[in-house]
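Enquirer: Sequence:
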Amino acid sequence: MNLCVIPARGGSKRIPRKNIRVFAGKPMIAYAIQAAQKSGLFSRIVVSTDDEEVTKISREIGAEVPFLRPNELSDDHTPTVPVIAHAIRELEANGGNMSYVCCIYPCVPFIEEEDLKKALLLLEQGNSEYSFPVAEYPSPIQRALKLGLGNQVSPFYPKFELSRTQDLERAYHDVGQFYWGSKKAWLTNPKIHTHGLGCVIPSWRVADIDNPEDWLRAEQLYKIFSKKKKTSEETI
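Add 1 to the 1-based position in the sequence shown for this note's numbering, that's all there is to it.
What the hints contain is simulated information worked out from the structure, not anything from laboratory work.
Errors might be hidden in some of the hints.
Claimed, not checked - Distance ranges between label pairs, derived from CB positions:
# : residue 1 : residue 2 : range
1 : Arg-60    : Lys-147   : 41 to 51 Å
2 : Pro-203   : Leu-69    : 35 to 45 Å
3 : Arg-15    : Asn-98    : 32 to 42 Å
4 : Lys-160   : Lys-57    : 47 to 57 Å
5 : Lys-27    : Phe-157   : 16 to 26 Å
6 : Val-201   : Ser-227   : 19 to 29 Å
To be verified - Below 30 Å or equal to it, Euclidean Cα-Cα: the simulated BS3-like pairs (lysine-lysine) are:
#  : residue 1 : residue 2
7  : Lys-27    : Lys-185
8  : Lys-147   : Lys-57
9  : Lys-230   : Lys-119
10 : Lys-14    : Lys-224
11 : Lys-230   : Lys-39
12 : Lys-184   : Lys-118
13 : Lys-14    : Lys-229
14 : Lys-160   : Lys-27
15 : Lys-147   : Lys-192
16 : Lys-224   : Lys-119
17 : Lys-39    : Lys-27
18 : Lys-39    : Lys-160
19 : Lys-160   : Lys-147
20 : Lys-147   : Lys-27
21 : Lys-118   : Lys-57
22 : Lys-192   : Lys-27
23 : Lys-160   : Lys-184
24 : Lys-14    : Lys-192
25 : Lys-185   : Lys-118
26 : Lys-224   : Lys-27
27 : Lys-224   : Lys-118
28 : Lys-14    : Lys-119
29 : Lys-147   : Lys-14
30 : Lys-229   : Lys-27
31 : Lys-14    : Lys-230
32 : Lys-224   : Lys-160
33 : Lys-39    : Lys-147
34 : Lys-27    : Lys-57
35 : Lys-160   : Lys-229
36 : Lys-118   : Lys-39
37 : Lys-118   : Lys-229
38 : Lys-224   : Lys-147
39 : Lys-14    : Lys-160
40 : Lys-230   : Lys-27
Cβ atoms here follow ideal geometry from the backbone N, Cα and C, with glycine treated the same way.
Produce the entire structure from the sequences given, and follow the hints as far as they go.
Expert: This is how it looks when you write it as structure tokens:
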């Protein structure tokens, strides 16, 4: 079976209660849970949390919360891989069996079920341990600049200062929506990026939501895109 694990701890410093705060009409975590449900890819959709309110809301939306995450895996510095590995071990100890495991982050209002399907297919057909969505940087990273004293500008890579942008290699970044991996990979290999395959998605569906300004911008964009999508579907 395929397992979905959504890591959603209760604490959040920059945006309090971020994972369950209402975003465009519903709790933020609902977007992750419902995308997993709509994809039809998962035998189980499990939320890993240390919080009772997150547990209650997740269950109301239709996810399982069969255990509470321990405190040592719930602080600001806990990486993703140990949290998913903990969930796998907890479920296996109670008779669970799985082949592929997908970690979906809880703050992903722009996630698409088709991306989950494409990334899984990429993993199944490729020769790597993970797959995840990536998007192209809007500007060549080889032409990146840094600011010194007095706002003095200098290039990170001086040898590319006079290069034409169209001659530079394209660069991509991790979108931060989800990661597919084999069960073995989650349990033994923490280096997702070194051993991963990139599923390219359009940059307009990428939104980091780390502070209140990010939240407001993402919410406005979501409402605009949702309205356009609804209009398009009604026209077809």
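Enquirer: Confirm or reject each hint.
Expert: Okay, the hints, checked on the actual structure:
1. Under the hint 41 to 51 Å, the C-beta atoms of Arg-60 and Lys-147, about 47 Å apart, fit the expected range.
2. Between Pro-203 and Leu-69 the beta carbon distance is about 37 Å. The supplied range of 35 to 45 Å therefore holds.
3. About 38 Å separates the C-beta atoms of Arg-15 and Asn-98, a value consistent with the hinted range of 32 to 42 Å.
4. For Lys-160 and Lys-57, the Cβ-Cβ distance of about 56 Å falls inside the hinted range of 47 to 57 Å, so the restraint holds.
5. Under the hint 16 to 26 Å, the C-beta atoms of Lys-27 and Phe-157, about 41 Å apart, miss the expected range.
6. Taking 19 to 29 Å as the suggested C-beta distance range, the pair Val-201 and Ser-227 conforms, at roughly 23 Å.
7. Restraint check: the Cα-Cα separation between Lys-27 and Lys-185 comes to about 35 Å, which exceeds 30 Å; the hinted pair is violated.
8. For the hint pairing Lys-147 with Lys-57, the CA-to-CA distance comes to about 46 Å; that exceeds 30 Å, so the pair is violated.
9. Under the criterion of a C-alpha separation no larger than 30 Å, the hint pairing Lys-230 with Lys-119 is consistent with the structure, at around 21 Å.
10. Only pairs whose Cα atoms come within 30 Å are accepted, and Lys-14 paired with Lys-224 is accepted, the gap being roughly 26 Å.
11. At most 30 Å may separate the alpha-carbon atoms for a hinted pair to count; Lys-230 and Lys-39 meet this at roughly 17 Å.
12. The straight-line distance between the Cα atoms of Lys-184 and Lys-118 is roughly 17 Å, inside the 30 Å bound, and the hint therefore holds.
13. As the CA atoms of Lys-14 and Lys-229 are separated by approximately 33 Å, the hinted pair breaks the 30 Å bound.
14. The straight-line distance between the Cα atoms of Lys-160 and Lys-27 is roughly 49 Å, outside the 30 Å bound, and the hint therefore fails.
15. As the CA atoms of Lys-147 and Lys-192 are separated by approximately 28 Å, the hinted pair is consistent with the 30 Å bound.
16. Distance hint between Lys-224 and Lys-119 is fulfilled; the C-alpha atoms sit about 25 Å from each other, no more than 30 Å.
17. Only pairs whose Cα atoms come within 30 Å are accepted, and Lys-39 paired with Lys-27 is accepted, the gap being roughly 17 Å.
18. Between Lys-39 and Lys-160, the direct Cα distance comes to roughly 48 Å. Violation of the 30 Å bound is thereby established for this hinted pair.
19. With a CA separation close to 15 Å, the supplied pair Lys-160 and Lys-147 stays within the 30 Å bound.
20. Distance restraint check for Lys-147 and Lys-27: the Cα-Cα separation of roughly 40 Å exceeds the 30 Å cut-off, and the hinted pair is therefore not satisfied.
21. A distance of roughly 28 Å separates the Cα atoms of Lys-118 and Lys-57; the hinted pair therefore holds under the 30 Å criterion.
22. Between Lys-192 and Lys-27, the direct Cα distance comes to roughly 33 Å. Violation of the 30 Å bound is thereby established for this hinted pair.
23. With a C-alpha separation of about 43 Å, the suggested pairing of Lys-160 with Lys-184 is violated against the 30 Å cut-off.
24. As the CA atoms of Lys-14 and Lys-192 are separated by approximately 26 Å, the hinted pair is consistent with the 30 Å bound.
25. Our distance criterion of 30 Å between C-alpha atoms is met by Lys-185 and Lys-118, whose separation comes to about 20 Å.
26. For the proposed pair Lys-224 and Lys-27, the alpha carbon gap of about 12 Å is at most 30 Å, so the pair holds.
27. As the CA atoms of Lys-224 and Lys-118 are separated by approximately 24 Å, the hinted pair is consistent with the 30 Å bound.
28. Proximity of Lys-14 to Lys-119 is assessed by CA-CA distance (about 34 Å); at most 30 Å being required, the pair is judged violated.
29. This hinted pair checks out: Lys-147 and Lys-14 have alpha carbons roughly 28 Å apart, not beyond 30 Å.
30. At most 30 Å may separate the alpha-carbon atoms for a hinted pair to count; Lys-229 and Lys-27 meet this at roughly 19 Å.
31. Straight-line distance between C-alpha atoms of Lys-14 and Lys-230 comes to about 33 Å, which puts the hinted pair past the 30 Å bound.
32. As the CA atoms of Lys-224 and Lys-160 are separated by approximately 43 Å, the hinted pair breaks the 30 Å bound.
33. Simply put, Lys-39 and Lys-147 have alpha-carbon atoms about 43 Å apart, too far for the 30 Å limit, and the pair is violated.
34. Restraint check for Lys-27 and Lys-57: satisfied, since their Cα atoms lie roughly 14 Å apart, inside the 30 Å limit.
35. With a C-alpha separation of about 43 Å, the suggested pair Lys-160 and Lys-229 falls outside the 30 Å cut-off, and the hint is violated.
36. The hinted pair formed by Lys-118 and Lys-39 meets the criterion: a straight-line CA distance of about 11 Å does not exceed 30 Å.
37. The straight-line distance between the Cα atoms of Lys-118 and Lys-229 is roughly 23 Å, inside the 30 Å bound, and the hint therefore holds.
38. Distance hint between Lys-224 and Lys-147 is unfulfilled; the C-alpha atoms sit about 35 Å from each other, more than 30 Å.
39. As the CA atoms of Lys-14 and Lys-160 are separated by approximately 40 Å, the hinted pair breaks the 30 Å bound.
40. At roughly 18 Å between alpha-carbon atoms, Lys-230 and Lys-27 fall within 30 Å of each other, so this suggested pair holds.
Violated hints, in rising order: 5, 7, 8, 13, 14, 18, 20, 22, 23, 28, 31, 32, 33, 35, 38, 39; the structure is consistent with all others.
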